[in-house]
Amino acid sequence: MTSSPVLQARVFPRLYRDSVNLMALASALEKTEGVIRVGAVMGTPANLEILARSQMLPEELAAVPDDLVIVVRGVDQATVTGALGAAATSLTEVREDGPASRPAPATVAEGIAAATKAGHAPNLAAISVPGTYAAVVAEQALRSGLHVFCFSDNMAVEDEVRLKRLAVADELLMMGPDCGTAIVDGRPLGFANVVRAGSVGIVAASGTGAQEVSCLLDRAGAGISQLIGVGGRDLSAAVEGLMTRHAVRLLAADDDTEVIVVVSKPPAPEVADRLLEELVRAGKPAVACLLDMPDAEEPVRVRGTLEGGARAAAELLGLSLQIADPPITAGVPRQVLGLFAGGTLAAEAKVLLGRAGVDAEIIDLGGDEYTVGRPHPMIDPGYRTERIADAGSRPETGVLLLDVVLGHAASAEPTLPLIEAIEAARASAGADGRELVVVASVCGTAGDPQGLARQRELLVSADVIVCDSNASAARTAALAAGAAQTVEGELR
Amino acid sequence: MITDGLEVLNVGLPLIVEALDPATVTQLDWRPPAFGDDAAARAALSLADERTRAANDKAMDAIHAVRPQLVGVKPATEVVPGMAEGRILLHAGPPIEFERMCGPMRGALIGATLLEGWADDPDGAQRLLASGGIRLEPCHHHQAVGPMAGVLAPSMPVLVASDGGRSAYASLNEGLGRVLRFGAYDEEVVGRLRWMREVLGPAIDRAVQLRGPVDTTALFGQALAMGDEAHNRNVAASSLLARRLAPAIATLDHGVAVLEFLAANDHFALNLSMAGAKLSMDAAIGIPDSTIVTAMARNGVEFGLRVAGTGEQWFTAPVGPADGLFFPGYGIEDANPDLGDSAITETLGVGGFAMAASPAITQFIGGTTSDATATTLRMRRITTRPHPAFPLPPLNFAGTPSGIDVLKVLDTGVLPVINTGIAHREAGVGQIGAGIVEAPPEVFLAAVGALAARR
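From first to last, the protein sequence lines stand for chains A and B.
At position 287 of the first sequence (counting the first as 1) the number is 287 in our numbering, and the numbers step up by one without a gap.
At position 61 of the second sequence (counting the first as 1) the number is 61 in our numbering, and the numbers step up by one without a gap.
Incorrect hints may have been included.
[As the list claims (entries may be wrong)] Derived list of chain B stretches under chain A, where covered just means 3 residues or more per stretch with a C-beta under 8 Å from a C-beta of chain A: (1) 13 to 21; (2) 24 to 34; (3) 136 to 144; (4) 338 to 351.
[To be verified] Partial list, computed: chain B residues near chain A (C-beta under 8 Å): (5) Thr3; (6) Leu9; (7) Arg51; (8) Ala360; (9) Phe364; (10) Asp411.
[Unchecked claim] Covered stretches of chain A (chain B as the covering partner; in silico rule of three or more C-beta atoms under 8 Å from a C-beta of chain B): (11) 19 to 30; (12) 53 to 66; (13) 118 to 128; (14) 133 to 141; (15) 305 to 316; (16) 381 to 390.
Keep in mind that the hints were calculated from the coordinates and are not lab data.
These numbers come from a predicted model, not from an experiment.
Virtual Cβ for every residue (Gly too), placed ideally from N, Cα, C.
Isolated chain A, as found in the complex:
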């Protein structure tokens, strides 16, 4: 048996609701399954005529202008009764919700205003929005007088130059783009380790390079006054070391800074000259830690490894950096495969293994080509563990060289997933009758949230040779891979 549509009205005598209110009620009821059309009006002659015109006026309906009329056309009686009941409920409902809360600030200007009102007027903007917009946000921040820590990358080099010029003119820091690490007035930003406060001011165009140097200084008993990141491109010919030189001037004037250390991959030659001039002008003991540059003592101390830079800086404070390479016997010639999370750590290893004349393939898994669509390996070790596990089935690979980076923002549990992968790699190598030597270093301090000692113990328990520095790990790997000779000053 099929039922025909039902039209029924309900009159609420002397109940007034604004027409807007009634239209909203009708619109809500019309969304009910089986309801075809709803009219909700005050019973004025004009409104009843509107209902009649749209065939929504039941013949028996009697209403006066003070009455509220609900008319429902639905597929069956039950639907219509239900809708009229819902209408009655809605009309007698009492709302108790309070006023809306204020939304969070959404723009730089709103953020500054809100924070200032709350007694926390900002002096630095940390920016990690997509690179396309980072230049706009950074300029807004600089023009509002804020220093900028710009974690975002993919910024056009012209924008970087423009923003850094703007910052220098206003005596502000433009850290980045692509700046991973900073410690400003003792407060860590991005990937930074928990290092002691002290008198070494670091300017770094390299994130993990700065982390390694600051951790090694911590190990030597030296502390950090400021760690100013400048972004990986600052010492390129295009950017001309704009921010590095500005930061050096700033540290030269900083009473808490006794020794200045600049950390970078090799700069453009003309930029390097200007940098060294600036360091001389600073009038404080200084170390230029420029990867792969030959060591020199003039015009300032130049060191070609992170470890060498940290050692030189410690010595300037009368401290010494003790790094004991593990006692291992030289292995047969075979390939070293380096699977790195830290870009500058990979670069340092490449320099040292190159100098040792060892066959080595060093991969920076934090490089752009590996991080499209996946998180950085310092945050999520997932992809690196795949690559480590696969290393076991590479017949040419005899030594696996790894880094583990601790500190804020890094993975809370970086080592455990690596160990599982190492065991898998060893199993597949063993099945082929090969041995896989695994060498690693941990870039971190006892104060880091992950705990330096615990991470080292986890590695040792998995038969990994754990070294005190990334450079030491590279030397050890070279020796294990049959390095025929040592390199003066670096490889014993």
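Mind docking chain B on chain A? Use the hints.
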């Protein structure tokens, strides 16, 4: 020390500042600026300087200094500039040719042509309009504004809002039902227009002369405290205006008929609200470098925006129908794209911007007074100053947000909300609902490009 204690504004990942004391971090709920248009974001940034701020201060001083007075009701041909020469009809929104107009606007133009006696019947009027026999120009080009189709004919009476040497004009509101502004042009409609021309207009003019000019700022300020928002709800202002003029009207011939007309029309004051807002906003037209919006208007096909620093230039984008609540028997499929000059009220800072004042119509924006308050607070993010003469009681009498800044719209991604009536897409059916619309982002993107190009 680099800072006196690091205080961070974090734009992006919370991870970056996880090591800091949360009390020293302000996290932004950030989204891409300029609706994701990088070039427009940069153009906006290039304009965000002292020169623009000074220009906007000047614009806001000028806008808020205006105190429109209703000084009379006169035939358009006598007072509206350019209405005395040849056959001309004005319409709402930015310029548009007859062929591209929507149904209600064409219908209204046909009705106006019949009212002026330029054609004997609707077909004749249609032919005359299509053949270009009548100049069609926006109200805004003649210091006038009109709701919905906004059609103004030379013989129609207009409200004259004046302050100092300047005036702005608006037609008289016809009420609801079958009316010209929704495109109806039958004999009932044209007959009512004749009556308004011959009886209503002169009567109100006479009453204004007898009782003295009406200060619209005071009128609408009071109405905002009585639950109006001066765009979609005008029952308080209409009542206050009728009360003020009634003793004079009652003494006139046809006085009772005029009072009955006013008693039946909850929206009579809307057109006065519009004329006052138009006069106020015109004070800022052409102030160099100012990024303050001076007009938002829709012609049923396009949305038009004008900005102080670009003078009389229109920035336009296609417009869609309002998302609203519909009268019984109608839905969004019946709705005409958004229409009318009435968004001049939001341009000044009332209407949708004053939602907090108008609890009775909060259903348009979610149903609670909290939603209404949130809407007004959101409009604060894109405006320049509170209006000193329009305090909103629910916001502790803070002034309604006034002076839309193109740069703030782009920076926040917040679009102006506009309260509006909804017309049926076919001429003459009339109003079928009401609701809110947001201005389209494209007009702000175009405006910032033009502003930057003038630098």
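| query | Which of the listed hints are broken here? | reply | Structure breaks hints 3, 4, 7, 15 and 16.
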